[in-house]
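Please work from the sequences and hints to get the whole structure.
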Amino acid sequence: MEVSINAHMPGLVARVVVNEGDQVKKGQEVAVINCMKTELTVLSGYDGIVKKILVKEWDEMQVDNPMIILDVDDR
Amino acid sequence: MIKKLLIANRGEIVCRIMKASRDLGVKTVAVYSDADKNAFYLKQADEAFNIGPANPMKSYLNIEAIIDAGKKAGADAVHPGYGFLSENYSFANAVVLAGMNWVGPSPEVFRGIKSKCYCRNIANKVGVAVNPGTLSPVKDVDEIFQFVNEYGYPIFLKLDRGGGGKGIEVIKEEGQIQEVFERVSRIGLMAFDSSDCYIEKLLSRPRHIEVQFLADHFDNCICLGERECSIQRRHQKIIEESPSPVVTEKDRERLFEDTLKLARAMGYQGAGTMEFLRSEDGNYYFMEINARLQVEHPVTEFLTGIDIVKSQLRIASGEKLELAQKDIKMKGYAIEARVYAEDPVSFEPSPGTIKKLRLPEETKQLRIDHALEENATVPPFYDPLLAKVIAWGSTRSEASSRLSEALSNFYIEGIKTTIQVNLSILKSQNFKDGDFNTDFIENLSGVGR
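In order, the protein sequence lines correspond to chains R and Y. By numbering that gives the first Met the number 0, the letter at position 2 of the first sequence is numbered 1, and the numbering carries on one by one without gaps. By numbering that gives the first Met the number 0, the letter at position 222 of the second sequence is numbered 221, and the numbering carries on one by one without gaps.
You can trust all of the hints, since none of them are fake.
One side of the interface only, derived from the structure: several residues of chain Y facing chain R at Cβ under 8 Å:
no.: 1; residue: Asn54
no.: 2; residue: Ala340
no.: 3; residue: Asp382
Since the hints were derived computationally from the structure, they do not count as laboratory data. If you're wondering where the values come from, they're calculated on a predicted model, not measured in any experiment. C-beta atoms are modelled at their ideal positions from N, C-alpha and C, and glycine is treated no differently.
Structure, rendered in structure tokens:
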């Protein structure tokens with residue numbers, strides 16, 4: 000099953016810290032959003048494999064914009 | 000006098016600079032990013048130019064776009080405000096090369112002061128004390144070992160060309176030296192194109208005291224008193240006041256002397272601020288220069304009656320300072336509260352839309368600098384500063400009560416603000432006693448957790 004990790008705060012993408020194909024754990028940092036000059040960590044809500052990265056550094060984010068698509072084992 | 004001024008900034012400081020310009024009969028040119036296209040102050044400018052998308056790298060930090068706007072508008076001067084490109088050599092130089100007047104020190108000054116060691120060396124040369132540490136970047140970890148053998152722990156390892164609080168780390172024990180040295184050097188290389196770092200001894204319970212000065216092109220330089228800026232959260236100031244509760248008349252004379260020596264040695268013209276740290280035992284150490292207008296300048300304006308922005312414009316126009324040091328009379332007490340768009344407990348940012356707004360009434364003793372209005376958006380892309388509320392009083396407690404009353408009547412709906420934090424600070428016994436240092440917020444119960 001595919002799920003997306005969305006921006007929880009608006010701002011600019013400071014960096015994405017995972018690569019496509021990486022295995023990630025629930026609660027792991029996957030990206031950082033710069034909101035009003037403060038860096039906020041974006042955490043994965045699931046265990047899974049990074050299928051697609053949808054954003055790059057300096058992209059403008061609104062709340063709930065999808066940032067990363069994960070493949071999660073839904074058995 | 001300057002005829003048409005481009006203001007290369009956003010928010011409250013644009014309103015502030017436009018006010019001074021209007022009073023002097025100077026036309027204004029505003030610039031804005033897509034995120035600020037509906038800002039009300041744009042209508043008050045004589046002209047306004049879009050300089051790019053919300054991302055500040057592509058707008059407020061975009062030298063080419065701003066210079067281009069200046070040329071199109073036929074501006075003859077640029078005021079950079081604070082933050083963004085205000086202390087950027089390339090921008091100041093591009094302004095001068097485009098035939099416009101730079102409201103600030105000559106671009107060459109920025110080239111020098113970018114290096115903290117350059118500033119420490121200048122201070123050392125003219126006999127102004129700097130925080131114990133190295134005057135030049137350290138070459139290797141051996142040099143750090145040598146230093147701590149002589150002076151002990153804890154120490155700061157700081158990037159020579161760092162900024163914005165980046166690349167400053169504390170070393171408390173031998174085991175950290177190698178790791179911290181490598182990490183700070185790496186951050187420097189990535190973020191500031193220089194891995195140079197130097198050592199400073201950590202002061203215990205320091206206070207942040209700064210001196211505002213004005214220097215013209217005729218070797219005249221005057222000091223406009225000090226500001227106490229020790230109360231900070233995340234190394235950003237939140238309450239500032241003048242005079243400082245701890246600076247004695249004798250300290251002040253010494254700080255003024257040091258400021259003049261440093262400003263002259265740096266070849267500085269315009270408005271500037273020398274920042275000092277005061278150690279618990281009452282010694283002052285020069286820390287750095289802010290080569291621009293500062294957020295907290297209204298505090299000084301209240302005490303001296305001098306309009307610092309007008310002074311900047313006059314100095315940039317080549318005028319001589321009209322006042323000598325003996326003409327500067329400091330009257331009363333002024334305190335500024337910075338209202339940030341942040342959660343008052345966690346200090347997490349809080350961008351959004353202002354649904355309702357009610358501001359306290361401005362008087363001769365109460366000033367509010369802001370760029371707020373109902374239904375305006377507070378974008379997530381820039382600094383969280385929303386407004387500055389500044390109160391004057393004939394005593395410190397009068398200024399403080401006036402400020403508290405104003406903050407209690409400052410009502411914003413739609414976003415979270417630090418107003419409750421500002422009020423708690425003013426109410427605390429340590430603040431009332433003037434007994435605090437840069438750790439104040441961490442020790443204030445109920446905030447910053």
